[in-house]
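**Q** Chains A and B are the protein sequences, given in the same order.
If you read the first sequence in numbering that gives the first Met the number 0, its first letter stands for residue 0, the second for the next number, and so on.
If you read the second sequence in numbering that gives the first Met the number 0, its first letter stands for residue 0, the second for the next number, and so on.
Derived from the structure by calculation, the hints contain no laboratory data.
Be a bit skeptical, because a hint or two may be false.
Unchecked claim - Simulated crosslink set (SDA-like; lysine to any residue; CA at most 25 Å straight-line):
1) 150/A x 105/B
2) 150/A x 127/A
3) 6/A x 170/B
4) 150/A x 103/B
5) 150/A x 258/A
6) 6/A x 169/B
7) 6/B x 163/A
8) 6/B x 170/A
9) 6/B x 159/A
10) 150/A x 213/A
11) 150/B x 105/A
12) 6/B x 35/B
13) 150/A x 209/A
14) 150/A x 190/A
15) 6/A x 43/A
16) 150/A x 112/A
17) 150/B x 60/B
18) 150/A x 81/A
19) 6/B x 168/A
20) 6/A x 159/B
21) 6/A x 18/A
22) 6/A x 163/B
23) 6/B x 33/B
24) 6/A x 166/B
25) 6/A x 31/A
26) 6/A x 168/B
27) 150/B x 103/A
28) 6/B x 169/A
29) 150/B x 278/B
30) 6/B x 78/B
31) 150/A x 232/A
Protein chains: 2
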Amino acid sequence: MAIPCVKTIREMRSSISAARREGRSVGLVPTMGALHEGHLSLIRRARSENGLVVVSVFVNPTQFDDRRDLDAYPRDLATDSRLAAEAGADLLFSPEVTEMYPPGFSTWVEVTGLTERLCGASRPGHFRGVCTVVAKLLTICAPDRAYFGEKDFQQLAVISRMVRDLNLPVDIVACPTVREPDGLALSSRNARLTEAERAQAPVLFRALSAARQAVEEGERDPVALAQLVVGLIREAPLADIDYVEVVDAVRLEPLERLEGRCLIAVAVRFGGTRLIDNVVVDVPGGERA
Amino acid sequence: MAIPCVKTIREMRSSISAARREGRSVGLVPTMGALHEGHLSLIRRARSENGLVVVSVFVNPTQFDDRRDLDAYPRDLATDSRLAAEAGADLLFSPEVTEMYPPGFSTWVEVTGLTERLCGASRPGHFRGVCTVVAKLLTICAPDRAYFGEKDFQQLAVISRMVRDLNLPVDIVACPTVREPDGLALSSRNARLTEAERAQAPVLFRALSAARQAVEEGERDPVALAQLVVGLIREAPLADIDYVEVVDAVRLEPLERLEGRCLIAVAVRFGGTRLIDNVVVDVPGGERA
Chain A
0 MAIPCVKTIR
10 EMRSSISAAR
20 REGRSVGLVP
30 TMGALHEGHL
40 SLIRRARSEN
50 GLVVVSVFVN
60 PTQFDDRRDL
70 DAYPRDLATD
80 SRLAAEAGAD
90 LLFSPEVTEM
100 YPPGFSTWVE
110 VTGLTERLCG
120 ASRPGHFRGV
130 CTVVAKLLTI
140 CAPDRAYFGE
150 KDFQQLAVIS
160 RMVRDLNLPV
170 DIVACPTVRE
180 PDGLALSSRN
190 ARLTEAERAQ
200 APVLFRALSA
210 ARQAVEEGER
220 DPVALAQLVV
230 GLIREAPLAD
240 IDYVEVVDAV
250 RLEPLERLEG
260 RCLIAVAVRF
270 GGTRLIDNVV
280 VDVPGGERA
Chain B
0 MAIPCVKTIR
10 EMRSSISAAR
20 REGRSVGLVP
30 TMGALHEGHL
40 SLIRRARSEN
50 GLVVVSVFVN
60 PTQFDDRRDL
70 DAYPRDLATD
80 SRLAAEAGAD
90 LLFSPEVTEM
100 YPPGFSTWVE
110 VTGLTERLCG
120 ASRPGHFRGV
130 CTVVAKLLTI
140 CAPDRAYFGE
150 KDFQQLAVIS
160 RMVRDLNLPV
170 DIVACPTVRE
180 PDGLALSSRN
190 ARLTEAERAQ
200 APVLFRALSA
210 ARQAVEEGER
220 DPVALAQLVV
230 GLIREAPLAD
240 IDYVEVVDAV
250 RLEPLERLEG
260 RCLIAVAVRF
270 GGTRLIDNVV
280 VDVPGGERA
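Construct all of the structure, not just a fragment, from the sequences and the given hints.
**A** Here it is, written out as structure tokens:
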């Protein structure tokens, strides 16, 4: 099973125009390839809601703050094409770097505020690269809907903000995190874990789940929650914590006390591999434990 | 003679969609109002090339680096509407500031490099504001063509770069500077000049014309040209020079020696009013004076 793979912006636009003339709606699933079940769930969702489903596969250099991470990022277009087709995609868009960033390129889209904490703090320039490439993909493909996973919660919040602020005519569809049976959130980076690291990586979701349960049992102190998560993650000897944050899920800002929709987010390194995960908890406003 | 004035993004989109359904192309003339013959020339050009002509009138606060300049900027929507209608516009788009920048707004579009010199150096944040609002106007109105004057040469270069880099599907149409009989480039800010300042303001174009003639007569040294322009402008006692620059007209970078397409650009203050002007000269490559 194979689907066409478009390499140029010009060709992409003409495929989109053709679909539009036939009255088909367009769904876009932006990816960096190395497709896993998380991506495939986005593609299936897009398939169920659109006439044409485009999966972009582009390892975007401008969102990597670490050259080694960029070089090590897994690439296998043939496998991606097969998996995307099986999940219902109609078309791959896989441009070369010079097609997206030709010589002289010098325009950047940046979201302030939302990008200052969490991954934004530990990966300078990362969200500027994400926003710029997503803005480009949205203007190139002009989709009705674009699909993003909640695993990258901050990315989802930043892109939603950008789309609203720049009046881009697209619905951003948030899709739930897909997990391994042991709770590890699916990520293309999981493939890089050694056997020992892989065995310890489920500690992220175990710690987040414990925090969620603590909130359900009445915990409202963000510092105590963060300490709980840190303590549990430290039980895995290979885990090196980048951050553990408890913030409000809309502005991603620190809380005095849990209230409303809250995000508990972590980033943890295992050797050279950085993993992120999060849970969202809804705390009824004004409630006191 | 009156034309409809649209205040909301939603209403604007629906007017554009209606025009599209009728097969009309769309031309956009972005302005900050206080329309003069320069703007009207853009509107007439747009009229000749499009089925629907939209003139946006929005004094964009994010491109002002000086609050007093923002407050003093002339505003007269009734007159603008009449003038735009007479020049052939179909529709004004005149949103409130909160419609364009609602609470929580935090996305910015920035062009690096091109914005570092000339007006970018003396007006920090100016082009970030310009790029952001123009990107928004282009996604809201989705025009086939957007019209800009060459008087704001750097703005035109920056917007062209942004449109190319972000793959915005619009043609940027550059239109020649319109001048008073004595050579003064039309600008909404001219209305703020005192009688004495107005009498001296034509020195900008006189100096630029002298520089152009010097190039035609063989001058190839950018420093000598800048000195010529500075010397002539200083003959006007009320003129306070902000910058005089001789740069290449594509990258807006300094030149060792004039060659190819070159830009001679000036910014000069008369009291509280800052005026800009420029000429472009084509120097045959490799030629020696």
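**Q** Against this structure, judge whether each hint is valid.
**A** Verification of the supplied hints:
Annotation: proposed proximity of residue 150/A to residue 105/B holds, straight-line Cα distance about 23 Å (limit 25 Å). Between residue 150/A and residue 127/A the CA atoms are separated by roughly 19 Å; this keeps the pair inside 25 Å, and the hint holds. Straight-line distance between C-alpha atoms of residue 6/A and residue 170/B comes to about 23 Å, which keeps the hinted pair within the 25 Å bound. Restraint check for residue 150/A and residue 103/B: the C-alpha separation of about 24 Å stays at or below 25 Å, so the hint holds.
For the hint pairing residue 150/A with residue 258/A, the CA-to-CA distance comes to about 22 Å; that is within 25 Å, so the pair holds. Proposed proximity of residue 6/A and residue 169/B is supported: the alpha carbons are some 21 Å apart, at most 25 Å. For the hint linking residue 6/B to residue 163/A, the alpha-carbon distance of about 18 Å falls within 25 Å, and the restraint holds. As the CA atoms of residue 6/B and residue 170/A are separated by approximately 23 Å, the hinted pair is consistent with the 25 Å bound.
The hinted pair formed by residue 6/B and residue 159/A meets the criterion: a straight-line CA distance of about 24 Å does not exceed 25 Å. Simply put, residue 150/A and residue 213/A have alpha-carbon atoms about 21 Å apart, close enough for the 25 Å limit, and the pair holds. Between residue 150/B and residue 105/A the alpha-carbon distance is near 23 Å, which keeps this suggested pair within the 25 Å criterion. Using a Cα cut-off of 25 Å, the hinted pair residue 6/B and residue 35/B holds, with the two alpha carbons roughly 22 Å apart.
Simply put, residue 150/A and residue 209/A have alpha-carbon atoms about 18 Å apart, close enough for the 25 Å limit, and the pair holds. The suggested pairing of residue 150/A with residue 190/A holds, with an alpha-carbon distance near 17 Å, which does not exceed 25 Å. Of the supplied pair hints, the one linking residue 6/A and residue 43/A holds, its CA atoms being roughly 23 Å apart against a limit of 25 Å. Restraint check for residue 150/A and residue 112/A: the C-alpha separation of about 20 Å stays at or below 25 Å, so the hint holds.
Taken as a hint, the residue 150/B and residue 60/B pair is honoured in the structure, with Cα atoms around 21 Å apart against an allowance of 25 Å. For the proposed pair residue 150/A and residue 81/A, the alpha carbon gap of about 24 Å is at most 25 Å, so the pair holds. With a C-alpha separation of about 18 Å, the suggested pairing of residue 6/B with residue 168/A holds against the 25 Å cut-off. Of the supplied pair hints, the one linking residue 6/A and residue 159/B holds, its CA atoms being roughly 24 Å apart against a limit of 25 Å.
Taken as a hint, the residue 6/A and residue 18/A pair is honoured in the structure, with Cα atoms around 18 Å apart against an allowance of 25 Å. Proposed proximity of residue 6/A and residue 163/B is supported: the alpha carbons are some 18 Å apart, at most 25 Å. Annotation: proposed proximity of residue 6/B to residue 33/B holds, straight-line Cα distance about 18 Å (limit 25 Å). Proximity of residue 6/A to residue 166/B is assessed by CA-CA distance (about 15 Å); at most 25 Å being required, the pair is judged to hold.
Proposed proximity of residue 6/A and residue 31/A is supported: the alpha carbons are some 14 Å apart, at most 25 Å. A threshold of 25 Å between alpha carbons decides the hint, and for residue 6/A with residue 168/B the separation of about 18 Å falls inside it, so the pair holds. Simply put, residue 150/B and residue 103/A have alpha-carbon atoms about 24 Å apart, close enough for the 25 Å limit, and the pair holds. For the hint linking residue 6/B to residue 169/A, the alpha-carbon distance of about 21 Å falls within 25 Å, and the restraint holds.
Of the pairs offered as hints, the one joining residue 150/B and residue 278/B holds, with about 9 Å between alpha carbons and a cut-off of 25 Å not exceeded. Restraint check for residue 6/B and residue 78/B: the C-alpha separation of about 17 Å stays at or below 25 Å, so the hint holds. In summary, the hint linking residue 150/A to residue 232/A is supported, as the alpha carbons are separated by about 18 Å, within the 25 Å threshold.
Hint compliance for this structure: no hint is broken.
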